[in-house]
Structures are given as structure tokens and as C-alpha cells.
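Enquirer: Put together the whole structure using the sequences plus the hints.
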Amino acid sequence: MIPDDAVERLLESAHAIGKACEQAGVQQWEVFATQEYGHSLEIEAGRISMASGGGEGGFGIRVVEDGRYGYAHLVDPNTAARAIRQAIGIAKLSPSIDGFELPSNQDASKVGGMKDKSILDMGPEDLLEQGDDILTKVAELDSRAVAVGGGVGVSAGAGAIVTSSGIEDGGIHTAHGVGVHVSIDEDEHLTSSYEGESSRFLLKDLTASVEKAVHWSQITRNKIPGGETQDCPVLMTSDGFSPLFSVVVPAAIKGERLARGESFWSGKMDQMVMANHLSLIDDGLMEGGMSSGSRDGEGVPSRTQTLVDSGRLSGEIWATRDAAKLVAEGKVSSAKSTGSAARGGHTSPPLCGCSDLILSSSDKTLSRDRLIEEMETGYIVHSVMGAHTANPTSGDFSVTTSTILRVEAGEIIGSLSQAGLSGNLAKALAGRVVLGESAKRKGSYSTGSMHVTDVLLMDGLRINPA
Amino acid sequence: MVVTSPQNNSPFSSGRLLDEDRITKALNLASSLGATYSEIRLVSETTNTASLKDGKLERAIPGQEVGVTMRILADGAWGVHSTSDIASIVDQVESTFRLAKAVAARRAPSQTVVELAEVPIIEDEIHWKSVKDVRKTDLDQRIEMMLAIDNEAKDDERIVSTSTGWSDEHIHTELMTSEGMNRVWSFQRSLINGMVTARDGDDVVSYRMRHGGEGGLEVIEKCDLGEMGRNAKISALRLLSAERAPSGRMPLVADRDLTGVYIHEALGHPCEADLVAAGDSCLEGRLGETIGSEICTVIDDPTLRGGYGCYPIDDEGVNPRPKNLIVNGVLTEYLNHRETAHRYDLEPNGGARAQDGLHHPLVRMSNTVIQGGTHKDLDDLIEDIDFGIYACGSRGGQVDTGRGSFQFAAQEAWIIENGSLSRPVKDVSVSGMTLQILKDVDGLTRDSHLAAPGFCGKGQTVPVGDGGPLMRIKEALVG
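Protein chains in written order, with this note's numbering: chain L, 1 to 466; chain U, 1 to 479.
Heads up, a few of these hints could be off.
What the hints assert, rightly or not - Now the in silico label distances, taken between C-beta atoms and shown as ranges:
(1) L:Q271 / U:P246: 50 to 56 Å
(2) L:R370 / U:D54: 46 to 52 Å
(3) U:E144 / L:D309: 44 to 50 Å
As the list claims (entries may be wrong) - Selected chain L positions facing chain U (Cβ under 8 Å, derived; list incomplete):
(4) I48
(5) R260
(6) P349
(7) M385
(8) S402
Read the hints as simulated data drawn from the structure, not as lab findings.
Keep in mind it's a predicted model, so treat the numbers as computed, not measured.
Note that CB positions come from ideal geometry on N, CA and C, so glycine has one too.
Expert: Quick look at the structure:
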């Protein structure tokens, strides 16, 4: 799927661009390069509707002159001279930040599990067989169920970074992902569920997502009357919780937002901000982590750091320029990179963001059945609409769910057609919280990957049945 | 090389990037292999983004991205190849043809064969000229205009930070098909935005604003940027003291922004014929049915120049036209592309859009607007409401097209009491079911126009416009 010498080719081009920077008299430069290849198929209306493949890539150039920086991106390295001129021009208009320099070269630990050779060897036919398996499984599990959407994809990418300060690194990563949207439409009553997962390794059992999607489409068919609006405990499955968590929490732990008063945790360093058994860890070195690697997006060695330790805010994340800027502005007395520069590909300069973010508990974690017993009376929410409308500044959110089950006396008694779910996530996490077993990696509305379990939030949430 | 020449620097050049001879040979090869249709579409985007943080330049990023996508239809199924290495595209014909054949081989006899509706085969170039070519805008000018917002947004000690942003793009597209279509088009979009964050003790809020549309620098120059900044500051400070919104069913009045998001989410997405074909739309089989109040007429119009969702030609080479989605409450048209137009025996209406040159076209909205009604103004809409919500500004929305349920969130809101606005509230979201709430629209002000520009995600992200008049819904689920 990817040429054997993909990294070498990127490094060669990056060095050539770096040389052009030097010829242009640039003091400090960084060249970030990516090249991605992949195959995918789309499922629609119970069939494979399309198969596709391809590749894309490019280069990002960051130049730094006397604490000022400029950035430009390009696809064809032969046009680098123009991009370098643009970056230099922008740097001249940028504010000079005392102490801002590109990161120096430091030894970085290798992180395993970034690629799986079996993915590299996969072709379109392999994916088509996986698509067949998904469709067959849906039909086997419930003759009423239809996979109305979804797909399967594999990708392999090469990345490289070369800087004037001696950083030179590169590597290959792979990914395999599946998503399936199942509907059951019977008796003028439609229920549905979307499930998916992805991994750096070949997913061994794609049908696990199918089973979940069919399961949730089935168990939400037993509708009961909505009832009154109430403040009550809510058990959010990891699928339902992670979108809200990913909009609200990663923004709150950024050093710049904390320093500027833009985080609901601003001014609360060393204070309790979550329940005293909860911890929040940003792990940039997770083996096989979708957002991990030996270095961050600007070449600083990745690290694992505890941001909330037993409920107490204990850390924050920084990229190099943000740290220098906030120190220069006098907003913080000291700050330096925590290896938390994330990139959205070659078109994006490095920006502060989390990597593999883990919410954990020192208390005994419970199975979903035990969490339901613990809740006694309340609701289970498995998916939400509108998580991206949550307010990361305040933690307030007001979303809608159509995958919601009513629990009374520890038993599921039925499903609501639709309900609003609102509250403040920061306050809810500071209240009574119980975590489920086995954190699952989920995608994110922001940078990084979320590793969250089922979460029972006892306080601060409101359910507003339709 | 497939690249013949770089685009020249003259405004809206007709310089071609695809080598027509080599592309024609590639398309002929696909036909000789047995493809019933093939196309190669190239998109070159010249972009500039910039942002200020607290009035200082945070980043400015010029970019030049090129992507090319080949689609091959064989035995009624699609194979697709996309790459930023445009010279390599002609080498992918056989493998992409085989992909299409492999997909077709898996189709059950009962499943639909992909066929395309016939469209006029056109060879031409259309270049929508901006009044002020945005590629000629200096970074200094961009900064100055962002500062015009920033300077007015922060003179209060409770404003803890301001952010402003800029985005412009010149989009050049070339499409060649096995049917002989050979079209080139280009146009520009420009956008400016900002966010104000205010804090009082532990209470922290933010307010966002956005202005933009199809066109060059003139789009931004039309906007009173200082007023935009002042209004954002006032709104952010008002939110600081606002109480949490009540929950429950109540009358709702929406401003133009929210009316636009509502009509986009609740109606526009379920009208996309690819979702109808996938069995994922609550409007399947309902063409000709009354699905809304008779005062509702909704149009999606890609030709509405200046709207953020405009385009001169759709990404299958079809001339777009306004689509009357609902006329006086009756569902009259789906948005379609050639595949779905054939499937439902509809006239192709030019609704195919791709995010860029690396994506294949899907059925998408453009500028979606509900037409005006008979109410004079806001006072006229709320005078007989005893208790309800007036909600303004969008924080986005989402829809489950299959179930027909949707949600959207407001930036700020007021309680309506005894026919008047009483006090501000925050964190208002509204949800409902498409087939119910369209019938509950019982008031629209007379004047209708596009509101703030937006972006729509459907696996791919495309710019859209939406709007309308002020709209009253007699009962909506709030909170």
C-alpha cells in the first residue's frame, strides 16, 4: 500500500526544502511532511456502494526569525521557493516573542505499535470481503436490520520532520477502521444506531461493531411515555460520553486557555476539580495509540503526564510557541513545551492539543450491569446529537438523544423516543461519578483520542423527554 | 506530466492544469475496458487563513493545494481513485475499473444498478469574477480588518480574550468526462470571524460571530466590522449574567441564523436524495405530500450570488438551479445528483458537491432559505405569546435523517413573557421531529435573506449559506 522507501523519500524532500530555507537566509526552519495512502469502501442501503483508493500528502514549512514565525504549505516540493518567501513575509508581520525558538533536538523514546504489516499488505479485495462479512452479519443478527450506511477503510501513512536545530525523524503508521449504521424500520417505527472502531492494528473482529449496532437498534424499540423533565442520574456509555468529553475537556487543559481565563479550570491549579477518585492522564507514548508517537508535531519528545491527579488539577499542556508567548506576556511565570504540539496534517502548523487522553478512577470500576444497579433510577444514554455545540469555555451543554433507556429500581423498563440532555460537564465530573470497566478508545471532535469508560454521572444532569 | 501549465496570475485565469490529450486517452481507455462512464475532476485551491489573538497576529497560512479524483462506473457500480499526485492519475484507470467491477460483482440481483441521468454535454469555462480578487489582498489588509472587530470587542475588564479569524479561497475546477463534458470554472469565497470570551468570577462564557460569502475582498468590506465586534462584546457580557434556560415544550421564535440552521438540519438534509436512496431519510416516498405548514416555502439556491454555498457548476458538471424543496408546505423536490436523479426519474438539479479535489461528489445543500411570511416584525410575532423563548445566533446543529429528529443550539436567548422580551437566558438548544415541527411553524416575518455563513459536515465538509425570516414555532422542545 505504501512504498518501502516512503519515509526516505519524504526526508530527502524535506532536507531539500530545508536547504532552500538556508539559501534564503532563514535563521530557523522546520519542514513537516506527510504522505498517506489508503483503500476504503462505502456501505449504503444494505450493499457496498463504492470502493475507492488513493493517496495525498504535502509539506509544511515553518520559519522563525527573531521570535517571529511564518508558515506555508505546498504539495509539490518544486514550488518550495515560493512557499518559503511567503513564510518569510508572514514572519515579518508576526509579533516577536522573546525566547521563542524552534525546539532543540532531544532523545526520544520509540513508541511501539504504530504499524501493522498485515495492514500494509491489504488490498481492495480484502476490504470488499470485510464489507461482505459486515452485511452478512447484519442479516444474520436480525432479518429486519439494514446497514444503511458505514464503511471500512485501511490506511498507511509516512511522516517526517526535519529542522534546522537537528531534529530528524520519520516513521510509518497504519490504521484500520470500521463504521456501521444499522436501522430497523418496522411498523412505521424506525430505530437505529451507529457504531465504529479503529486501530493501528488489523481489527480482528469487525462484527463486534455490527453486533452493538443491531443490539442498540433492537433495545430502543420498546418505547415508553416520556414523562416529566427531571434532574437525575445518567449512565452514559463510553460511546455517548466521549463526544461531549472530547469537546469540553481537552480544551480545558490547554496551558494557554488556563492562563487566559478561557478554561473553566482557570485559576484552579492544585485545587480539586473532579471527584477525588478521578484522574486525567495525557499519554503521548501509548503503544499503538492513535494519537501517540515518539515525538509531537514539532519534534519534541512525547511524554505521559498526569493533568488531574485524584481530582486535583496538577498539569497543563503546552506547545513551544504558546509557552514562550504566555511567559513573554507575563500571563505565567514559566512554561515550556510538554510535547503536546498536534498537527492536522501538513496544512497546519503545530498547535497545542492532547494525545491519548485517559479518564481513570482509583475506585473500583463496575460492569454496565452493576452501574445500572448503582444508579437505581435514571437513564442510560448511548449516543447524543449536537455534542459539537457544547461550550468548551463553560462546560455547559444541551444535546439531544434518541438512544436513551429508562431505568427504574435497577432495571431497564423501556426507551424514550427522544430527549434533551443538558448540564455542565465540569460540574458533573466534580460530583458523584462512578466509572465502568475497560476504557475504550474513541475518536474526538478535537485533537487527540479519548479513552473513556461507561460513566455514571449522579449529579447535575437534566433529562427533558420529548 | 498531466500538468500542462501553471495557472497564470491574471485574475480568474483560464489556464488549464489538466493535459486534455492525456486525460482524453485515459477516459478512452476506461471506455475500452468496458466502463459506461468515467470522469476526472481536478481542483486547485489557493487559500489564505489568518488569525489574531488579543489583537496580535497568531498565524497566517497561505496554501496551494491540488487534488484530482477519477470516478469510473462499470457494470453499474463505482470505483474511485483520488490523489494529490496529479501526474499519476492516468496510471490508475485499470485498477479503478477493476474496483468498480469488484463492487458490481457483489451486488445482489435485487439491488439497484447505478445509472446516471442524462445531462447536457457542455464544453465551456465559467469564471465568476470577484469585484476585488481576494488573492491580491495583502496580509496587512487582512490584519487591519480583523483588528476592526477586535478593537471594538474588548474594552471591558470582564472580556478576558478575543480571537478573530480570516479565511479566503480561490477555487479552480476542471472536469472532463467520457461523455465529452469538458468544463472549467472558478470562483472565490471570503470569510471573517471572531470570538469574545468574558469572565466574572467562576462564570465564563464565549460568543462567536461570522460574516462571509462568495466573492473577494468586497464581501468583507460590506460588513460593519466594528459593529460586529461591539455586538459580540455586548452579547458576551449579557450572557455572563443570563440564567439557565427553562426546559420543556413552549413557543419558540428564532432569528435568521437559527431559522437557517433549523431549515438546513430539519428539512435540507432529509431532502438529500442520496440519503433517501440509502434508506436514511424520513422524507422517502413523500414527494407531493404536505409535510409542513402552508406558510412554509423553502428554496435551496446555488445560484444565489454572494451566498457562502454558491457555485457556478456542480461537481458533476451540471448547471445548478434553485430547488423548491417545499412550496406552501408540500414537499416538491429532492436535492439530487445524476445517480439519484436517474433512480427517482427526476430532472438533475445540480446538487453534487465534493469537499475538494480529493473527494467524490455527494448530494449537498448550497444556500437554503425559507421564504418570508406576513408578520411585520419581531414584536408582531411575539405579541400573543404568554411564555416562550426568542433564540438568536447559531452554535450549530445536527440531524438524524432516518428518524427525522434534529437538534440545534442558540448562542443567546430571551424569555418571552406576556408578549414582550423579558430577560436573557443561556444554553438554549431546540430539538424536534422534522415531520412534526414543520407543521408547527405558524409565523414568519416578511423579509427573508441569508444569515451568517456556515459549514456542513456529511463525511465531507462544504461551505453553505442558510437563512430566512424570523420564524415562530408554536411548540418546540427547549433545553
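Enquirer: Please verify that hint: I48 of chain L, Cβ, nearest Cβ of chain U, below 8 Å or not.
Expert: Nearest chain U Cβ about 5 Å off; hint holds.
Enquirer: Can P349 of chain L be said to touch chain U, with a Cβ gap under 8 Å?
Expert: Holds. Min distance 6 Å.
Enquirer: Should the interface hint for M385 of chain L be scored as holding, given a Cβ-Cβ cut-off of 8 Å against chain U?
Expert: holds (4 Å)
Enquirer: Can the suggested window of 46 to 52 Å be confirmed for the beta-carbon pair R370 of chain L and D54 of chain U?
Expert: Holds - the Cβ-Cβ distance for R370 of chain L and D54 of chain U, about 49 Å, lies within 46 to 52 Å.
Enquirer: For Q271 of chain L and P246 of chain U, compare the CB-CB distance with the range 50 to 56 Å and indicate the outcome.
Expert: For Q271 of chain L and P246 of chain U the Cβ distance comes to about 32 Å; the hint is violated.
Enquirer: Are S402 of chain L and chain U close enough, Cβ to Cβ, to be under 8 Å, as the hint says?
Expert: holds (5 Å)
Enquirer: Is the hinted range of 44 to 50 Å satisfied by the C-beta distance from E144 of chain U to D309 of chain L?
Expert: Given range 44 to 50 Å: holds, Cβ gap about 46 Å.
Enquirer: Given R260 of chain L was flagged as interface, is its beta-carbon under 8 Å from a beta-carbon of chain U?
Expert: OK, holds: R260 of chain L within 8 Å of chain U, min 5 Å.
Going through the hint list in order, the structure does not satisfy hint 1, though it satisfies all others.
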